[in-house]
Structure formats: structure tokens, C-alpha cells
Amino acid sequence: MRVGAWVHTLGGGLGAMLGAIATSPLEVIKTRLQASHFKQQISSSTYFGANTISSVRSLAKQEGVMSLYRGLGTHLSGVIPARSLHFFVYGSVKSSLSEKLPKDSWWIPILSSGAAGATVITFTQPIWLVKTRLQLQTTHAAETLYKSPWDALVKTIQNEGLGALLKGMSASYLGLSETVLQFTIYEAMKNEIHKRREHLPGEKQSLGVFGYIGISCFSKLIASALTYPHEVIRTRLREQKTVPTEMPHYNGAIRGLVVLAREEGVRGLYGGMGAHLMRVVPNAGILFLTYELTLSYFSRHLQIPQ
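Under full-length UniProt numbering, think of the first position of the sequence shown as 1, with each following residue one higher.
It is worth saying that the hints were derived from the structure and are not from the lab. In this text, all values refer to a predicted model and were calculated from it rather than measured experimentally. It is possible that part of the hints are untrue.
The calculated label-pair distances, taken between Cβ atoms and stated as ranges, are [to be verified]:
#1 63 to 101: 49 to 55 Å
#2 299 to 107: 23 to 29 Å
#3 192 to 297: 21 to 27 Å
#4 195 to 145: 52 to 58 Å
Here are the computed lysine to any residue pairs in the SDA-like style, where the Cα-Cα straight-line distance is at most 25 Å [stated by the list, open to error]:
#5 190 to 67
#6 103 to 201
#7 241 to 73
#8 147 to 163
#9 195 to 185
#10 103 to 163
#11 241 to 145
#12 147 to 158
#13 190 to 201
#14 155 to 201
#15 190 to 297
#16 147 to 23
#17 190 to 105
#18 103 to 293
#19 147 to 160
#20 103 to 213
#21 100 to 23
#22 147 to 242
#23 241 to 251
#24 241 to 150
#25 100 to 194
#26 100 to 81
#27 241 to 67
#28 155 to 73
#29 155 to 14
#30 147 to 56
#31 241 to 222
#32 155 to 81
Glycine included, each C-beta is placed from N, C-alpha and C at the ideal position.
With the hints as extra help, turn the sequences into a complete structure.
Okay, structure coming up:
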């Protein structure tokens with residue numbers, strides 16, 4: 001592995017860990033607001049995100065503070081290698097394309113992020129299925145609880161077959177549009193700011209902490225808001241149990257979106273978006289700031305290429 005690629009891997013993994021821990025309670029709330037099992041509990045204020053903090057307090061009161069971190073272990077075991085792999089592929093492909101295309105070409109972030117996203121989805125799908133199911137079970141559920149991520153994985157395979165591990169994968173591939181849009185906006189804004197600062201001396205050319213946070217949060221906000229429905233149908237697909245004698249209610253990402261829109265309208269397509277944005281936007285800020293600072297540190301102190 002090239003040392004430069006290793007730095008991309010380290011930055012992505014470290015940023016993912018910090019972001020996931022900081023925003024875990026909102027991840028649990030978001031998943032529940034997207035799930036059909038909890039939709040009757042969703043008020044209109046929660047739907048629009050105005051009552052997300054109250055939802056966090058309510059969950060902590062009813063099921064305990066640790067319920068806010070349900071599935072965090074699984075989430076970390078997925079998000080750290082996923083983001084490490086994502087930024088490794090992204091950095092490697094970006095470096096290769098930069099030698100063949102103009103530095104500010106939009107094709108560089110589009111192809112790099114697309115390749116990285118597709119690779120991560122393919123290799124980490126079962127982890128996200130297990131994480132979603134752990135987050136959706138309640139402390140006082142009548143049905144048998146999953147005792148651990150491994151228990152959830154084994155029971156899913158035993159009860160529904162190996163194919164169940166692929167639930168939501170089609171929606172994840174559909175969600176590549178979010179990844180591509182986010183990275184394209186981010187790189188375009190970063191390149192534009194660098195161009196405007198080329199005449200400045202030394203460190204003043206850098207975006208700085210607030211600059212990186214600002215453009216990463218903005219790019220994530222736009223990308224997530226425009227592509228959000230795929231998040232909901234992905235949760236619904238992972239949530240539903242496979243019954244051999246029955247046709248699944250949501251049969252694939254596209255058909256599932258059609259069914260969801262017909263049955264629940266716009267409210268169903270955008271359920272939990274407030275909690276989702278409150279989590280992923282600051283998460284993106286933490287992730288990209290950590291990533292950029294890691295690259296900057298190794299580049300400056302160890303003369304490692306980015």
C-alpha cells in the first residue's frame with residue numbers, strides 16, 4: 001500500500017470513529033423515525049425535526065440512557081473500516097485520475113467517490129443490516145431480543161436465509177448519488193477557495209478549521225436533503241422480515257419507494273429527516289475536518305504525498 005493511501009485510510013477511519021460516537025443518539029432516533037414499526041409514534045413536530053431533542057430525552061427516560069447508544073458497537077465496527085476503505089479508494093482513485101485529468105475536473109470527485117461508495121456498500125452490507133435491527137428493537141419488546149450483533153446475524157440467517165443479509169443493498173446503491181453529490185460539491189468549493197487564496201503566503205492559503213467544517217457541512221446538507229428518500233426505504237427494507245410464503249411489502253428500492261409514496265405520501269418519504277440532518281451534517285464536519293487535518297499533519301511533518 002502506498003504510504004499516501006495509508007494516510008487517507010487513517011484519516012477516514014479516525015474521523016468516522018469520532019463522528020459516530022458524538023452523534024450516536026441521533027442515529028438511533030433517526031433510524032426509529034424512518035422505520036414503519038415506529039411510525040405511529042411519530043408526531044408532526046418530530047417529523048419536521050422540531051422535536052428531535054425531546055425524542056432523545058423521551059427514549060432515555062423510557063428505555064435508559066444506554067438505549068441512545070444501542071447498536072453503537074456494531075456501528076463502529078462498520079463505520080470505521082467502511083470509512084477507512086472509502087477514503088483509501090477515494091484517495092487512490094483521485095490520485096490516479098489527477099495525473100490524467102485537469103486538477104479541477106469534476107470527473108475526478110465524481111468517479112473517485114462513486115468507486116469508493118460502491119466498494120464500501122459491497123463489502124459492509126451485512127454490518128448495516130445488523131446495526132439497523134439492533135437499533136429498532138425496544139427494551140420491552142414482546143418478541144425475542146437480539147442479545148448481541150453476532151446473535152442478530154445468526155438469527156437473521158437462521159430465520160430468513162443468507163439472502164436476508166442483502167436487504168437494503170439496492171437502496172444503498174441508489175444512495176451513491178448522495179455520496180457523489182456530496183464529494184463533488186465539497187471538492188468544487190475547496191478548489192474554488194484555494195484558487196482565491198493562491199496569492200496569499202504560506203498557511204493563509206489553507207481553509208482552516210472553520211473553513212473545512214463549513215464546506216463539509218454545507219455539501220452534506222445539500223446532498224442529504226436532495227436524496228433523502230433512499231435512506232427511508234433502505235431502513236424499511238432492512239427492517240422487514242422475510243417470510244418464504246409471502247411477497248415482501250417492499251420489493252426492491254425503486255418499487256419500495258413507489259409503495260411508500262403511495263401509502264404514506266411525502267411524510268413517509270421524508271420521515272425522520274430532521275433527526276437525520278441533525279446527525280449527518282455535524283458528523284460530516286467532524287469526519288472531513290479530522291480527515292483533512294490528518295492529511296495536512298503527515299504531509300507537513302513527514303513529507304508524505306496526499
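**Message:** Going through the numbered hints above, which ones does this structure break? Give me the numbers in ascending order.
**Reply:** Hints 5, 10, 14, 21, 26, 29, 31 are the ones this structure does not satisfy, whereas the remaining hints hold.
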